[in-house]
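K.L.:
As they're listed, the protein sequences go chains E and P.
Here my numbering is used: the first residue of the first sequence is 1, the next is one more, and so on.
Here my numbering is used: the first residue of the second sequence is 1, the next is one more, and so on.
Please keep in mind that the hints were generated in silico from the structure rather than gathered at the bench.
The structure displayed is predicted, hence computed values, not measured ones.
Hints may be right or wrong, so weigh each one.
Stated by the list, open to error - Restricting the straight-line Cα-Cα distance to at most 27 Å, the calculated cross-link-like pairs of lysine-lysine (DSSO-like) are:
no. : chain 1 : residue 1 : chain 2 : residue 2
1   : P       : Lys-340   : P       : Lys-309
2   : P       : Lys-128   : P       : Lys-112
3   : P       : Lys-18    : E       : Lys-207
4   : P       : Lys-169   : E       : Lys-210
5   : E       : Lys-309   : E       : Lys-341
6   : E       : Lys-143   : E       : Lys-153
7   : P       : Lys-26    : E       : Lys-358
8   : E       : Lys-358   : P       : Lys-18
9   : P       : Lys-313   : E       : Lys-358
10  : P       : Lys-62    : P       : Lys-409
11  : P       : Lys-212   : E       : Lys-358
12  : E       : Lys-358   : P       : Lys-413
13  : P       : Lys-280   : P       : Lys-26
14  : E       : Lys-62    : E       : Lys-280
15  : P       : Lys-409   : E       : Lys-313
16  : E       : Lys-210   : E       : Lys-223
17  : P       : Lys-169   : P       : Lys-143
18  : P       : Lys-378   : P       : Lys-26
19  : P       : Lys-313   : P       : Lys-378
20  : E       : Lys-378   : P       : Lys-62
21  : E       : Lys-280   : E       : Lys-112
22  : P       : Lys-413   : E       : Lys-309
23  : P       : Lys-223   : P       : Lys-143
24  : P       : Lys-62    : E       : Lys-358
25  : P       : Lys-143   : E       : Lys-169
26  : E       : Lys-358   : P       : Lys-340
27  : P       : Lys-413   : E       : Lys-112
28  : E       : Lys-207   : E       : Lys-230
29  : E       : Lys-378   : E       : Lys-340
30  : P       : Lys-26    : P       : Lys-413
31  : E       : Lys-280   : E       : Lys-341
32  : E       : Lys-153   : E       : Lys-169
33  : P       : Lys-280   : E       : Lys-62
34  : P       : Lys-378   : E       : Lys-212
35  : P       : Lys-409   : E       : Lys-309
36  : E       : Lys-358   : P       : Lys-378
37  : E       : Lys-313   : P       : Lys-413
38  : E       : Lys-378   : P       : Lys-378
Number of protein chains: 2
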Amino acid sequence: MATPKSESRNTLDDTYAKLQQSSGAKMALLVMDGLGDLATRDQSYLTPLEAARTPNLDALSKDSAQGRMIPVAPGITPGSGPGHLALFGYDPLEYEVGRGVIEALGLGATLKGGDVAVRGNFCSLDAKGLVTDRRAGRIPTEKCEELCAILSKQITAVGDTQVIIQPGKEHRFVILFRGEGLEGPLSDTDPGREGQPIAAATPSNPKSAKQKKAASVIADFYKQALPLLKNQHPANGFLLRGIAHQPAIPTFQERYGLRAAALAVYPMYKGLSQLVGMTKIEGPQTIAEQFQRYLELYDDFDFFFIHFKYTDKAGEDGNFEAKVRAIEDFDAALPILLQKKPDVIAITGDHSTPCAIKGHSWHPQPVLLHSAFSGWDKLDRFTETGANLGSLGIFEAKYLIRHMQAHGKMFAKFGA
Amino acid sequence: MATPKSESRNTLDDTYAKLQQSSGAKMALLVMDGLGDLATRDQSYLTPLEAARTPNLDALSKDSAQGRMIPVAPGITPGSGPGHLALFGYDPLEYEVGRGVIEALGLGATLKGGDVAVRGNFCSLDAKGLVTDRRAGRIPTEKCEELCAILSKQITAVGDTQVIIQPGKEHRFVILFRGEGLEGPLSDTDPGREGQPIAAATPSNPKSAKQKKAASVIADFYKQALPLLKNQHPANGFLLRGIAHQPAIPTFQERYGLRAAALAVYPMYKGLSQLVGMTKIEGPQTIAEQFQRYLELYDDFDFFFIHFKYTDKAGEDGNFEAKVRAIEDFDAALPILLQKKPDVIAITGDHSTPCAIKGHSWHPQPVLLHSAFSGWDKLDRFTETGANLGSLGIFEAKYLIRHMQAHGKMFAKFGA
Numbered sequence: 001m002a003t004p005k006s007e008s009r010n011t012l013d014d015t016y017a018k019l020q021q022s023s024g025a026k027m028a029l030l031v032m033d034g035l036g037d038l039a040t041r042d043q044s045y046l047t048p049l050e051a052a053r054t055p056n057l058d059a060l061s062k063d064s065a066q067g068r069m070i071p072v073a074p075g076i077t078p079g080s081g082p083g084h085l086a087l088f089g090y091d092p093l094e095y096e097v098g099r100g101v102i103e104a105l106g107l108g109a110t111l112k113g114g115d116v117a118v119r120g121n122f123c124s125l126d127a128k129g130l131v132t133d134r135r136a137g138r139i140p141t142e143k144c145e146e147l148c149a150i151l152s153k154q155i156t157a158v159g160d161t162q163v164i165i166q167p168g169k170e171h172r173f174v175i176l177f178r179g180e181g182l183e184g185p186l187s188d189t190d191p192g193r194e195g196q197p198i199a200a201a202t203p204s205n206p207k208s209a210k211q212k213k214a215a216s217v218i219a220d221f222y223k224q225a226l227p228l229l230k231n232q233h234p235a236n237g238f239l240l241r242g243i244a245h246q247p248a249i250p251t252f253q254e255r256y257g258l259r260a261a262a263l264a265v266y267p268m269y270k271g272l273s274q275l276v277g278m279t280k281i282e283g284p285q286t287i288a289e290q291f292q293r294y295l296e297l298y299d300d301f302d303f304f305f306i307h308f309k310y311t312d313k314a315g316e317d318g319n320f321e322a323k324v325r326a327i328e329d330f331d332a333a334l335p336i337l338l339q340k341k342p343d344v345i346a347i348t349g350d351h352s353t354p355c356a357i358k359g360h361s362w363h364p365q366p367v368l369l370h371s372a373f374s375g376w377d378k379l380d381r382f383t384e385t386g387a388n389l390g391s392l393g394i395f396e397a398k399y400l401i402r403h404m405q406a407h408g409k410m411f412a413k414f415g416a
Numbered sequence: 001m002a003t004p005k006s007e008s009r010n011t012l013d014d015t016y017a018k019l020q021q022s023s024g025a026k027m028a029l030l031v032m033d034g035l036g037d038l039a040t041r042d043q044s045y046l047t048p049l050e051a052a053r054t055p056n057l058d059a060l061s062k063d064s065a066q067g068r069m070i071p072v073a074p075g076i077t078p079g080s081g082p083g084h085l086a087l088f089g090y091d092p093l094e095y096e097v098g099r100g101v102i103e104a105l106g107l108g109a110t111l112k113g114g115d116v117a118v119r120g121n122f123c124s125l126d127a128k129g130l131v132t133d134r135r136a137g138r139i140p141t142e143k144c145e146e147l148c149a150i151l152s153k154q155i156t157a158v159g160d161t162q163v164i165i166q167p168g169k170e171h172r173f174v175i176l177f178r179g180e181g182l183e184g185p186l187s188d189t190d191p192g193r194e195g196q197p198i199a200a201a202t203p204s205n206p207k208s209a210k211q212k213k214a215a216s217v218i219a220d221f222y223k224q225a226l227p228l229l230k231n232q233h234p235a236n237g238f239l240l241r242g243i244a245h246q247p248a249i250p251t252f253q254e255r256y257g258l259r260a261a262a263l264a265v266y267p268m269y270k271g272l273s274q275l276v277g278m279t280k281i282e283g284p285q286t287i288a289e290q291f292q293r294y295l296e297l298y299d300d301f302d303f304f305f306i307h308f309k310y311t312d313k314a315g316e317d318g319n320f321e322a323k324v325r326a327i328e329d330f331d332a333a334l335p336i337l338l339q340k341k342p343d344v345i346a347i348t349g350d351h352s353t354p355c356a357i358k359g360h361s362w363h364p365q366p367v368l369l370h371s372a373f374s375g376w377d378k379l380d381r382f383t384e385t386g387a388n389l390g391s392l393g394i395f396e397a398k399y400l401i402r403h404m405q406a407h408g409k410m411f412a413k414f415g416a
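Let the hints inform the model, and build the full structure from the sequences given.
P.N.:
The following block contains the structure:
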């Protein structure tokens, strides 16, 4: 929800806003997804960060502060959405991102605040309109693109609501409904099993006029779209799931006065950064290329969010060696960024993904903060155990950006 | 007060509740009362934990996370009530336990939410009804039991309010008034000095209908009880103190979905655990017997609260050697528990009781958290100074249970 739930949070944000000033500082937030890990017996009590050879991170540790960050609250394991919102300085308990929105982002959709995002699956219908295959035989991606093009060409709006259709892989696609007075969540139109008709999307809150409008827009969309697919068997119908609303979020520019660029490879992270109004930079595929692109864009932005996925992937697979390698790859590329060293560098994860857990976890992720004002915590390396001893302590991830702003001289003194 | 004072706390608790799932994990909370201590010159700068020989805790430290916990808020020294409520995951600023309630618990009373608990002293009255001895010459405990039996037999209710009378030591006893629409606190009926009549119990808030009802119930109780004691000089009257109300507290089962057992020796801790609905296990007198009982009950409960008093007693006496010995006794018994190792073990105190202070203190108590997901903080022992370096950091004690739940896999991921 976009409305702050807590008076005290609101007040502190107001204070930050009042003190905020532009300083011209360049800042880089380097996210090694799922970075944090555990020292377990199975891996000789070393974490991947401890086991990796990281000469460049080691060098940066000198003249850096370290700490650990609680992504949401003690014991809570975040998804990628809340993990990143916290890194961007938005309280993840205050600004929730619906599952449908995350899925839409993962499929490459570009959302704006207020959009209703829907995940679609093409399906097969029989003559009576009953679902015979909920995934339309997993049609090839090219077919999906072709069908989305047909729908996009014929249907650009329903009433005053703009309709944006984006194909995904195989039978999957995304629809965005963009316009005034829409809200989710609505129930799925996917009946969940074959032999049933397409269900109606119904408001979760029957009293919500906005949800009712969204339901009516979706029903009208079906009326227009189904005839267009009539002869497209096996993909002659579609089911909608995760009909979710993206509440308005103040943009990065509005909140911090910073022009922010997102250098991410995976759609989800591009999408999350766009939710807060960052500029999506397309092109780079490797971390070296991302850092290279940063050099080229140095003058055009104040803040660079650079996302590296492979630490998380390795953690999810429980592949310790791969996580070590991913960290070493990141480290090897780091000197590219340092050719034009930003005034403030933060290196961290959006959460921990311990190999022993093979999934996201609640363990605070380590963070390294480097600027002319970070001092040195007497730590020779950047590791979980070292970060426990750092001058930043253990703090809520939503405050990282406040530390970065402070190190970027973006806050006036509070009081005389 | 039962009503949450803070919107944000409430929201966070709601979030925890939404994410909560049952996992079948077994958890043990081992409380060495008053564990935390100080390294002072007088004791060669060793704390009792540092001075003690603790091979079993040392072994457990490997594969454990450590930290320190703020029992209530910085600088605040808790009583046993708030200290334990925080360990049980209830914000001690939100859920207060009145002094009369704590005293009633200490005398072995079994309270329910909504009860008004009162501490009574038998006293001597002269013919005019003036108090001549506020403690009735400290009658023997047997006499007290006899008088309580007389009262209990004759008075089981006042109107629709149930009356439960429990004898204590010497002249002391406890009354519980149980029924709808009662509330404290009321003023004492103890006039505070001899030569005065028994005072009326009056509402602290004159506008409270519930307090008025409680006052009227107590006045009626006096009318019925005093005639029964008429011939019992020197104990022919009684004075009431600490007339307090136990607000309803959601039970451990309601809040966490856990079947919890309390293995405590002292009445106060049995009582505190019962306030939150834990099952009181009677019998064991030593920590070895408590751990043994845990083994027997392993299948019947999900959560075991095991309370060890002697660290606190030694601290209160300023007896460093006794505190060291108590820790060593605890350590020696620990292998019994480890015969069926719970999935999650937390070892801590409810507060610090430094020998140099001879009383409870505000110093954060050390905590050790062991599970398959705790990793190792590279600390070879469990001590205050070591805990300062641990991955749990310094956190509010009320979050310990959230950490335990996370390690017990009791929380679904937050957001996608």
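K.L.:
For each hint, tell me whether it holds in the structure or not.
P.N.:
Right, here's what the structure says about each hint:
1. For the hint linking Lys-340 (chain P) to Lys-309 (chain P), the alpha-carbon distance of about 23 Å falls within 27 Å, and the restraint holds.
2. This hinted pair does not check out: Lys-128 (chain P) and Lys-112 (chain P) have alpha carbons roughly 37 Å apart, beyond 27 Å.
3. As the CA atoms of Lys-18 (chain P) and Lys-207 (chain E) are separated by approximately 23 Å, the hinted pair is consistent with the 27 Å bound.
4. Proposed proximity of Lys-169 (chain P) and Lys-210 (chain E) is contradicted: the alpha carbons are some 67 Å apart, above 27 Å.
5. Distance check on the hinted pair: Lys-309 (chain E) and Lys-341 (chain E) sit about 22 Å apart at the alpha-carbon level, within 27 Å; holds.
6. This hinted pair checks out: Lys-143 (chain E) and Lys-153 (chain E) have alpha carbons roughly 15 Å apart, not beyond 27 Å.
7. Of the supplied pair hints, the one linking Lys-26 (chain P) and Lys-358 (chain E) holds, its CA atoms being roughly 22 Å apart against a limit of 27 Å.
8. The suggested pairing of Lys-358 (chain E) with Lys-18 (chain P) holds, with an alpha-carbon distance near 23 Å, which does not exceed 27 Å.
9. Simply put, Lys-313 (chain P) and Lys-358 (chain E) have alpha-carbon atoms about 45 Å apart, too far for the 27 Å limit, and the pair is violated.
10. The hinted pair formed by Lys-62 (chain P) and Lys-409 (chain P) meets the criterion: a straight-line CA distance of about 21 Å does not exceed 27 Å.
11. For the hint linking Lys-212 (chain P) to Lys-358 (chain E), the alpha-carbon distance of about 59 Å lies beyond 27 Å, and the restraint is violated.
12. For the hint linking Lys-358 (chain E) to Lys-413 (chain P), the alpha-carbon distance of about 13 Å falls within 27 Å, and the restraint holds.
13. Between Lys-280 (chain P) and Lys-26 (chain P), the direct Cα distance comes to roughly 18 Å. Compliance with the 27 Å bound is thereby established for this hinted pair.
14. Only pairs whose Cα atoms come within 27 Å are accepted, and Lys-62 (chain E) paired with Lys-280 (chain E) is rejected, the gap being roughly 32 Å.
15. Taking the CA atoms of Lys-409 (chain P) and Lys-313 (chain E), the gap is about 21 Å. The hint holds against a cut of 27 Å.
16. For a cut-off of 27 Å, the pair hint linking Lys-210 (chain E) to Lys-223 (chain E) stands: about 20 Å separates their Cα positions.
17. Pair hint Lys-169 (chain P) plus Lys-143 (chain P) holds up; C-alpha atoms about 10 Å apart against a cutoff of 27 Å.
18. Taking the CA atoms of Lys-378 (chain P) and Lys-26 (chain P), the gap is about 25 Å. The hint holds against a cut of 27 Å.
19. The straight-line distance between the Cα atoms of Lys-313 (chain P) and Lys-378 (chain P) is roughly 31 Å, outside the 27 Å bound, and the hint therefore fails.
20. A C-alpha spacing of about 24 Å is found between Lys-378 (chain E) and Lys-62 (chain P), which places the hinted pair at or below 27 Å, so the restraint holds.
21. Restraint check for Lys-280 (chain E) and Lys-112 (chain E): the C-alpha separation of about 13 Å stays at or below 27 Å, so the hint holds.
22. Between the alpha carbons of Lys-413 (chain P) and Lys-309 (chain E) the distance comes to roughly 19 Å, so the proposed pair stays at or under 27 Å and holds.
23. A threshold of 27 Å between alpha carbons decides the hint, and for Lys-223 (chain P) with Lys-143 (chain P) the separation of about 22 Å falls inside it, so the pair holds.
24. Taking the CA atoms of Lys-62 (chain P) and Lys-358 (chain E), the gap is about 22 Å. The hint holds against a cut of 27 Å.
25. Pair hint Lys-143 (chain P) plus Lys-169 (chain E) does not hold up; C-alpha atoms about 84 Å apart against a cutoff of 27 Å.
26. Annotation: proposed proximity of Lys-358 (chain E) to Lys-340 (chain P) holds, straight-line Cα distance about 26 Å (limit 27 Å).
27. About 25 Å separates the Cα atoms of Lys-413 (chain P) and Lys-112 (chain E), which keeps this hinted pair within 27 Å; it holds.
28. With a CA separation close to 35 Å, the supplied pair Lys-207 (chain E) and Lys-230 (chain E) exceeds the 27 Å bound.
29. Annotation: proposed proximity of Lys-378 (chain E) to Lys-340 (chain E) holds, straight-line Cα distance about 25 Å (limit 27 Å).
30. Distance hint between Lys-26 (chain P) and Lys-413 (chain P) is fulfilled; the C-alpha atoms sit about 20 Å from each other, no more than 27 Å.
31. Between Lys-280 (chain E) and Lys-341 (chain E) the alpha-carbon distance is near 21 Å, which keeps this suggested pair within the 27 Å criterion.
32. For the hint pairing Lys-153 (chain E) with Lys-169 (chain E), the CA-to-CA distance comes to about 20 Å; that is within 27 Å, so the pair holds.
33. Straight-line distance between C-alpha atoms of Lys-280 (chain P) and Lys-62 (chain E) comes to about 54 Å, which puts the hinted pair past the 27 Å bound.
34. Taken as a hint, the Lys-378 (chain P) and Lys-212 (chain E) pair is broken in the structure, with Cα atoms around 57 Å apart against an allowance of 27 Å.
35. About 25 Å separates the Cα atoms of Lys-409 (chain P) and Lys-309 (chain E), which keeps this hinted pair within 27 Å; it holds.
36. In summary, the hint linking Lys-358 (chain E) to Lys-378 (chain P) is supported, as the alpha carbons are separated by about 22 Å, within the 27 Å threshold.
37. For the hint linking Lys-313 (chain E) to Lys-413 (chain P), the alpha-carbon distance of about 17 Å falls within 27 Å, and the restraint holds.
38. Of the supplied pair hints, the one linking Lys-378 (chain E) and Lys-378 (chain P) holds, its CA atoms being roughly 17 Å apart against a limit of 27 Å.
Hint violations for this structure: numbers 2, 4, 9, 11, 14, 19, 25, 28, 33 and 34, all remaining hints satisfied.
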